[in-house]
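Student: These are the residues of each chain, in order.
Protein chains: 2
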Amino acid sequence: MKLRLSVCVLLLLCAAENSSGGKILVWYSDNSHWINMKPVLETLVDRGHQVTVLVPSTSLFMNSSEPSRFQYELFDVDVSFEDLEKIFETIIHFFVYEMDFMNPLEIYIKFYNLMKNNKNITFKFLDGVLKSEPIMKKLKEGNYDVLFADPIYAGSDLTADILGIPLVFSLCFSLANNWERMCGQLPSPPSFVPGAASKLTDKMDFSERLSNFLFYALQDVMIDQIMWKEVDEYYSEIRGTPTSACELMGKADIWLLRTYWDFDFPRPFLPNFKFVGGIHCKPAKPLPKDMEEFVQSSGENGIVVFTLGSMIKNVTTEKANLIASALAQLPQKVLWRYNGEKPKTLGSNTRIFSWIPQNDLLGHPKTKAFITHGGTNGIYEAIYHGVPMVGIPMFADQPDNMVHMEAKGAAVIQNLNFMTTESLRDAIKAVINDKSYKENAMRLSRIHHDRPMSPLDEAVFWIEFTMRNKGAKHLRVQAHELTWYQYHSLDVLAFLLIIDLLLIFILFKSCSFCFKRCCSRKQTKRKAE
Amino acid sequence: MKLRLSVCVLLLLCAAENSSGGKILVWYSDNSHWINMKPVLETLVDRGHQVTVLVPSTSLFMNSSEPSRFQYELFDVDVSFEDLEKIFETIIHFFVYEMDFMNPLEIYIKFYNLMKNNKNITFKFLDGVLKSEPIMKKLKEGNYDVLFADPIYAGSDLTADILGIPLVFSLCFSLANNWERMCGQLPSPPSFVPGAASKLTDKMDFSERLSNFLFYALQDVMIDQIMWKEVDEYYSEIRGTPTSACELMGKADIWLLRTYWDFDFPRPFLPNFKFVGGIHCKPAKPLPKDMEEFVQSSGENGIVVFTLGSMIKNVTTEKANLIASALAQLPQKVLWRYNGEKPKTLGSNTRIFSWIPQNDLLGHPKTKAFITHGGTNGIYEAIYHGVPMVGIPMFADQPDNMVHMEAKGAAVIQNLNFMTTESLRDAIKAVINDKSYKENAMRLSRIHHDRPMSPLDEAVFWIEFTMRNKGAKHLRVQAHELTWYQYHSLDVLAFLLIIDLLLIFILFKSCSFCFKRCCSRKQTKRKAE
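Going down the list, the protein sequences come from chains B and V. Note that our numbering numbers the first sequence so that position 435 is 435, with each residue one more than the last. Note that our numbering numbers the second sequence so that position 276 is 276, with each residue one more than the last.
Think of the hints as simulated: they come from the structure by calculation, not from any bench. Careful: at least some of the hints might be erroneous.
The list treats identical chains as one, so a pair stands whether inside a single copy or across any two.
[What the hints assert, rightly or not] Computed list of lysine to any residue pairs in SDA-like fashion (alpha-carbon distance at most 25 Å, straight line):
#1 K470 to M453
#2 K473 to R446
#3 K119 to K342
#4 K438 to H474
#5 K282 to F461
#6 K131 to D457
With the hints as constraints, model all of the structure from the sequences given.
Tutor: Encoded structure:
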């Protein structure tokens, strides 16, 4: 495996000598989306390309003043950092602490309002690029070869269209895969392709298939109501002609989906959909000295790594005590990334850190389990290193992600609002002591590593392909040119039905005509007799 | 590109050092199917694996006495070479000289009978393996890691099942993609995925979509009648339990489809379908001295390469004269592979050869056009080297293949039964003089070469993957476990329809009840008044 990796590096280095540098424009993004795009961009710079990243004046995680090998194109947005943070915290609070106690209608209404607020912010960001003459002038004069974007941050498709350059998407998922299905034409039979965030697997009984069917339908209606109508209006205003945002999205040359069959369930896909889950994964580096000493002190029992991700800094004091009590009952040493007040119940085996080198810890031979909020980046690092998980999912795709890991036998799920000290302790003990969890994690790790090309190399290949060939039209299915009823052959079926009915009608009429003739002859004969 | 290829070779060589040799059993095949499997097997031997090929005692093209690096497992079949040749010639004659003059019903009946005869031969071949105790004993004792087969030659799925080993298919296509769709669960919406051999493209108007829909349906019925019923009976007899051959076929771990988006139209597919068209393609080697002299004598006009493949040795004298007249009118020199009597009209620019090094000629810089019968192997060599084509398709997939090349702007089609000297001459002149044909051929060539991995490397990777991991179950969609109505969510739709109707009924009844109550009150009131 090492040999293959080193030859892959050689392959890229050699090709770098060959490649004539192109110009890549990167649409703004944030947090885990940006974490995933960065290694691709770093590699593109290594390979002699020039990378220019659009950065808004207000951003939670992007920082254009950091020393970097990228060029930054700053644009003004009429949103304060406080407003952005407030919206973000409201969303998190809803998902983490409110949703579990609401009925479906309340969830729908709250979610609808949150998304509506979020959309207003989206348009202010869009104004900063599309309504700014100096920015658009600069972008046009930049003569970029490709626009690279996470479509979660709207507007890249319209910008690529205006600039007349190819577009490559990097996407984890859209709700119920609405964009991939409706705009990208990705076939997704609801009978065995669970909608993203549905918390279903590919093995569904009748009621689950019904749920998934309704999940697709309801999300499609909601997204149409919340998103497409207003985005279409905005796009049409900018372009000065009626414009469908979904149609523009469907013009993307390549969709790099940040998943693979280690994490996702196998499903139908299209030639321009490439599965590059785990782009940011890499081998573990040595730990800082004091951390290594703490890890080594665990002896044969090993360690447990615990973090709820960068977006949730702390939990309530009550929850922190509950968690600390559970951790204290483990024979393992625990490294907990936590920024809150030290819990009273903290055991001597648990050490709190304000930051941990998560990937290096997950790759450490002493690591027995990973307690995670279930973000895809963390899960992918655990898959890469073959570490079983306990998931305490919080929001967005996290509950669904953990359902995937549970279905593949590599994780146990705990609910933050309903878990107890005992249930958390037992869950951690289970993934450590029941060998099947480790075996399944190692199986997923083998699937992750044993593929023709690393996800990073594959992503870089297809971005460069798009630049070299000014797009990737030969991978685009003709389905984009069909209406929904043509796609499903409903017009053909209707035609065949009409023909059938006509034939039956003619047959019926002919028979009844013959029958009448026959009867009338007999009657005439009888009368004559 | 050269650098990338050489690093690919390095990658394979290094991995060869790493790979511990496995044991590969190869199902018998013949002609172009065998040509495509051979380079894969040669590479597998290079990489330290042991390859054992099942060879029938009667075969048109396979020869176990040739010196080879493969081991051969010979099995007896109760079919004479003459019988095999006769059936083969009857099929060819029907396709080449009869079909054009028949109506659809006549074609259907003739085809049905031909396939029925062919199936009897198939069962005799199957008897040679599955009903031969010594052969089955040897195969069981062989402890093979994988069975590699072209499913056109039936029985490999049952054998893999009996031996309990993984199965990798190498397939060009099945008629109307029936096996890929019905057994492999490959999604194929008839609205934009033309059925194999339908002579349609992915751009279809209403009548073409109707044709394609009916083509799928009719072929499914015909294949069910001709094939599945009797094969199921045969398989059930061997296994001693009711067995569905299609279900067994669906258990294949990997389907290596011998096509790619240079030749085929982009379409939906599944994680265990890999597109490896052009496996046998390779750079051109220098020509024999006298042939090189003849080629060089063409000067700036260049040469035309003409062959109708290994399966059609000669055409009628009349056709040969017509072709020779057309070739005589070209300014190019022509190299014609032909084994018949020298045509009277042969021009001085045309030289006849009993055999030509086709790939080396197509890769020669002087080559301007390729006149071909439209077999996939020849077409792929032309794509590899970027040579425009004139197709004179004969039978099987050839007419459909040429429709693909015509739709992609790299070929002109001629009908052997209806072409004239002038039409053939004009077709050749068009592909040489109209620059668009060469440009399109070069575009297809770029698509062919510019992919993350060569088709040969990809095929080898997935066979080895299957051996390493004892299958590739993580790539298998859950659709295999669903009935057809579950797959299409018809049970869910029926349920929702019933609920809807019930609700409407309840609403109607409630309204009519309220209305009646309301009316009766009014009447009582009036009476009281």
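Student: Confirm or reject each hint.
Tutor: Against the structure, the hints:
1. K470 to M453: This pair counts as both: shortest intra-copy Cα distance 23 Å, inter-copy 20 Å.
2. K473 to R446: Between. Shortest inter-copy distance 13 Å satisfies the 25 Å Cα cut-off; intra-copy 33 Å does not.
3. K119 to K342: neither (38 Å within a copy, 77 Å between copies)
4. K438 to H474: between (42 Å within a copy, 17 Å between copies)
5. K282 to F461: Answer is both: 18 Å inside a copy and 23 Å across each meet the 25 Å cutoff.
6. K131 to D457: For K131 and D457, the Cα distance exceeds 25 Å both inside one copy (36 Å) and across copies (49 Å).
In summary, the structure is inconsistent with hints 3, 6 from the numbered list given earlier, while agreeing with the others.
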